[in-house]
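Top to bottom, those sequences are chains A and B.
Numbering-wise, the numbering used here comes out as the position in the first sequence, counting from 1, plus 4.
Numbering-wise, the numbering used here comes out as the position in the second sequence, counting from 1, plus 157.
A portion of the hints provided could be inaccurate.
On the chain B side, residues computed to face chain A include the following (Cβ under 10 Å) [said to hold, decoys possible]:
id	residue
1	Val226
2	Val262
3	Thr265
With a Cα cut of at most 20 Å, we get these calculated EDC-like pairs of lysine to aspartate or glutamate [what the hints assert, rightly or not]:
id	chain 1	residue 1	chain 2	residue 2
4	A	Lys220	A	Glu247
5	B	Lys335	A	Glu199
6	B	Lys256	B	Glu315
7	A	Lys164	A	Glu151
8	A	Lys110	B	Glu315
9	A	Lys56	A	Glu131
10	A	Lys127	A	Glu151
11	A	Lys110	A	Glu193
12	A	Lys127	B	Glu407
13	B	Lys335	A	Glu85
14	A	Lys127	A	Glu102
15	B	Lys318	B	Glu407
16	B	Lys256	A	Glu85
17	A	Lys169	A	Glu199
Hints were generated in silico from the structure; no laboratory data involved.
In this text, a Cβ means the ideal position worked out from N, Cα and C, and glycines have one as well.
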Amino acid sequence: MEKQQHLVPAYVRKGDVPTIDLATGRLNPRFTISGLKVSYGANEVLHGIDLKVFANVVTAVIGPSGCGKSTLLRSLNRMTEVVRRAHIEGKILLDDEEIARMDVVKLRRRVGMVFQRPNPFPKSIFENVAYGLRINGYKGGLSDAVEHSLRRAALWDEVKDQLQKSAYALSGGQQQRLCIARALAVDPEVLLLDEPCSALDPITTAKIEELLFQLKASCTIIIVTHNMQQAARASDFTAFLLEGQLVEYQSTSKLFTTPSDPRTEAYITGRFG
Amino acid sequence: MSLRSGWRKCLNASMLGLTAVFAVATVSVLFFILGYLVYHGGKNVSWNFFTRLPKPVGEPGGGMANAIVGTAKLLFVALLIGAPVGVLSGVYLSEFGGKTLSFFVRYTADLLNGVPSIVIGIFAYAIIVVPARHFSTFAGGFALGIMMIPIILRSTEEFLKAVPSTLREGGMALGVSKWQTVLTLVVPAASSGIIAAVMLAVARIAGETAPLLFTAFSNRYWSPGFNEPVASLPVMIYTYAIGPYPEWHEQAWTAGLVLLGLVVVLNVATRLIFARKMAALR
């Protein structure tokens, strides 16, 4: 008991995250990853990852720099293929389909992605959100769809009067929410976020975390983060990666209070990383 | 100690002075040329020069309207040939090319850039003028267009490479195919740079004479269409400057001034467009 008290970091607020036991919880897997190995040239970054990501929850992937968490995320929508010479082994199922056999364009429409740094297109706010719809030949009210996406990304009230302005005129946090709106516009089943708050201030970060809570009803969310407080606050499940290995995968509250692996304990208590 | 530091200061000052002298020399070459052109050609710049055809020797008045229009037509043909080829191969190099092939294309473009313009003229003569058995605007524009290709290609590539890769990733992560990402995001993001590159290439070839001597040739009349010989400012300058008549020499100076003015206008316009586009992006 004494030891457990010591282990609980101050930033874990009990009750904020559901405590679903991985063994007994009834959750549908959205991604089933088995034996995933990714290497760039001769450098193997992921050494065989087995992981089930559940639908309609927020899953955080944490770990020190260079542990392969971004690579894991990018494997899920095959953005690893954009980097030349990435070699991928193993199997990733999205629902019951193997993503390697899927049409990559279709896959990425189902699995959206938001990047570390906000990367709005050099277009107006409206066109940024409408872009994905236009390219996909969306038939219907474009402005309704844009409004809907901006509302889902909690940005509508701030930009509704300046939709024709350049997206570059927005603040960093607004740009990041615009990127989320852009990804949401094509109605993905999964949203991958690669350290989406690392370039943002705490208030904006809080807004985005709040957003994730709202989004998980309609979307499966996987977030890579450097920030353990963020993982503890915003996620239901947490996977801890170290040097290309999955060390521990647990419900977030369990991982942050009673980690089963001493390396996890060392990492979350700040002894390395 | 103080002697050493004194010597160092002295050396520093003299090196600074030396570089400044050469910098001023570079600038003054341009201003010297400009001043000389204005001095010799300025007095003959008149409305007639832009609107009249050349007159026979001895008759006063007369202009180079046909050569001005001819130069514009030649540049238009060159643009139609050089811009698409240059821009598209630049896109290929920056976005699609594999390592080996890119190296080959880039190296070839650099070599093409180094081919003497008169050799390109001979080439156009051999493959267009000889089979057609006559000089033409098209042949001249073709030769100039070839000269534009490597200039446009390399600068297009540079401008596209300057587009952040996060933009490409953003597009592809939305499920947009690669060519659509390039077409709808990357190229538009670099468009002001590419337009500037194309216009600078036009300015660069506007003064080329050698490739026109035996492709577009020259004449003293209006040249209808694109299938007949056509006068151009550089060739007129060449012809008039080596002619035996003082009036011709004066007209050559004026033509030189007009040509330089054209190039300057193109340059300045490019920079203005560029600056405005960049400002709009911010």
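Structure-based check of each hint:
no.	hint	result
1	Val226	violated, 38 Å
2	Val262	violated, 18 Å
3	Thr265	violated, 23 Å
4	A:Lys220 with A:Glu247	violated, 29 Å
5	B:Lys335 with A:Glu199	violated, 24 Å
6	B:Lys256 with B:Glu315	holds, 16 Å
7	A:Lys164 with A:Glu151	holds, 8 Å
8	A:Lys110 with B:Glu315	violated, 32 Å
9	A:Lys56 with A:Glu131	violated, 36 Å
10	A:Lys127 with A:Glu151	holds, 17 Å
11	A:Lys110 with A:Glu193	holds, 12 Å
12	A:Lys127 with B:Glu407	violated, 52 Å
13	B:Lys335 with A:Glu85	holds, 12 Å
14	A:Lys127 with A:Glu102	violated, 35 Å
15	B:Lys318 with B:Glu407	violated, 47 Å
16	B:Lys256 with A:Glu85	holds, 17 Å
17	A:Lys169 with A:Glu199	violated, 27 Å
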